[in-house]
Amino acid sequence: MNTIDLTLKIWRQKDNDSLGNFETYTLRDITTDMSFLEMLDVLNENLTKEGKEPVAFDHDCREGICGMCGAVVDGVAHGPDKEVTLCQLHMRTFNTGDTLVIEPFRSRAFPIRKDLVVDRSAFDRVIQAGGYVSINTGGTIDGNAIPISSETAELSMDAAACIGCGACVASCPNGAAMLFTSAKISQLALLPQGQPERKKRAQAMVQQMDAEGFGHCTNEKECEMVCPKGISIRNIARLNREYMKGILMGE
Amino acid sequence: MWFVSFVKSSIGKKIIMATTGLLLILFLAVHAFGNAAIYMGSKYFQIYADTLHGFPVLVLIFGLGLLVLFIAHISVGTLLFLESRSTRYSRYEVNKRVVENTFASRTMPFTGLFILVFTIIHVFGFNIAAPAGVPISVTVKEYLSGFFYSLFYIVSFVALAIHLNHGFWSMLQTFGVNHPRYNCLIAKLTIIVPVFFLVLFGGIPIYFMTGAGSAY
Ligand code: HEM
Ligand code: FES
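Top line first, the protein sequences correspond to chains E and V.
The first sequence begins at 1 in our numbering and counts up by one.
The second sequence begins at 1001 in our numbering and counts up by one.
Any given hint could be a false lead.
In silico negatives: residues of chain V with every beta carbon more than 12 Å from chain E [said to hold, decoys possible]:
no.: 1; residue: I1011
no.: 2; residue: F1114
no.: 3; residue: L1189
no.: 4; residue: I1191
no.: 5; residue: L1200
Quick look at which bits of chain E chain V covers, simulated, 3 or more residues with Cβ under 8 Å [claimed, not checked]:
no.: 6; segment: 14–26
no.: 7; segment: 119–130
no.: 8; segment: 185–193
no.: 9; segment: 201–215
The hints are simulated quantities; they were obtained by calculation from the structure and are not laboratory data.
Computed from a prediction, not measured in an experiment: that's the story for all the values here.
Virtual Cβ for every residue (Gly too), placed ideally from N, Cα, C.
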């Protein structure tokens, strides 16, 4: 079994009102089969044994589908591996002797709760503003009664793969949430069920996105590069179209 | 009112950038067409200049329109730059970009500023403070035969080309033009469009500077 020794520089911050700073830790004999979060578990076990405060980080499924985990590792959201969440990043990506700088996902709209834990409820409020379809009660409609091509359904599914982890915001030079919002708008705009509220939706969600303090897009493509689900910026182009149609031609 | 919320929104500002940017590119295309007459000789260039200024009212109206576009593009661009400055330059201990070739996108405000400085000097030199009573075709040759004057023009056109290298693609993305069928063509155009302007405009100072235009 391969093992590596690491130096970690981790951002420690008591809560949103406190000042934070980097603490340095050394870890020996980390198995390369471990995930990044398991490596942090080892660190926390050591810290607990020493009577120190463990490093707080978010996680839940640990299989890359829930969107809870995330940190910036050496300047890249979710670390250097392509299309993986932090929980699916494995220690074999690193070499013995490496120093890893681990920072929380930073954004004006994501207050730091503790250490690497950030509050991403701004995303929830963007969804609440319009990322839904309203279905009135009545007889259940047969699923196959609404025709849709498989290509379009696939595009919608690709957008729906967004797990809302916030890596797009964390990596964007402007702190924009365009990739997230565009995925949430696209998954509905492409489907027949999303049509009635289409024009209102784009306007409402963009308005909320701006109100939360996210930045504006300058088409830097950074979000697409770090997205663990490979969401394409083609969705951002669609969002721009949806927004234009909504605001220029909506009722 | 819809227009107020449009202008206030992040996407609305981007659409203003893209629309004014597109109209500025269209102006550049027309300007490049006229200036290309230089390559045919001073006689033809003078004909072009005289014809153009034979319509003083149209020149005034379109000139003012261009000024409005320019001011709108610069003020919204500056606003966006100031808004994102704090996020951009001091967020992380380790700053890293995964995207390769970010030079053009990173330097948009600075190449833009360079174009602004150039435009002011250019308009003063060849229009507002141009030597009175001298045909423009002569003034152009006189100024651009100077090494530093020419060099400044060439550097400015390089800045413009870099600005357009990101700007052209960014404009299409902002307008929502992003489709696998056309992305290959668009990727080529992000090189072809800036190089086109660089060659047509940049060729003029080189023409005079190197003496290739001595028979002009
Ligand atoms: C002939 C002159 C110019 C042309 C043809 C031009 C063209 C463009 C185009 C097409 C864009 C892309 C718009 C988008 O991202 O959707 C752009 C962006 C930009 N321009 Fe210009 N521009 C010119 C002059 C200037 C000047 C004088 C300035 C500033 C002093 C400037 C500052 C900017 C900035 C900061 C952006 C980036 C905005 C962003 O990405 O958010 N430009 N330009
Ligand atoms: S913990 Fe669920 S995606 Fe990483």
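Okay, the hints, checked on the actual structure:
Against chain E, the non-interface label of I1011 (chain V) is violated: not every CB pair exceeds 12 Å, the least being about 5 Å. Look at F1114 (chain V): its CB is around 18 Å from the nearest CB on chain E, clear of 12 Å, so calling it non-interface holds up. With a minimum CB-CB distance of about 15 Å to chain E, L1189 (chain V) clears the 12 Å threshold, and the non-interface call stands. The Cβ of I1191 (chain V) sits about 17 Å from the closest Cβ of chain E, beyond the 12 Å cut-off, so the non-interface label holds.
With a least CB separation of 26 Å from chain E, L1200 (chain V) remains clear of the 12 Å interface cut-off, as annotated. Coverage of the segment 14–26 of chain E by chain V is violated. Counting CB-CB distances below 8 Å, 1 residues qualify, and the rule asks for three or more. Remark: the segment 119–130 of chain E is not confirmed as covered by chain V, as 0 of its residues place a Cβ nearer than 8 Å to a Cβ of that chain, below the required three. Check on the segment 185–193 of chain E: 0 of its residues sit with their Cβ under 8 Å from a Cβ of chain V, so the three-residue criterion for coverage is violated.
Figure legend: the segment 201–215 of chain E, annotated as covered by chain V; annotation consistent (7 residues with Cβ-Cβ distances under 8 Å, at least 3 required).
In terms of the numbered hints stated before, the structure departs from hints 1, 6, 7 and 8, listed from lowest to highest.
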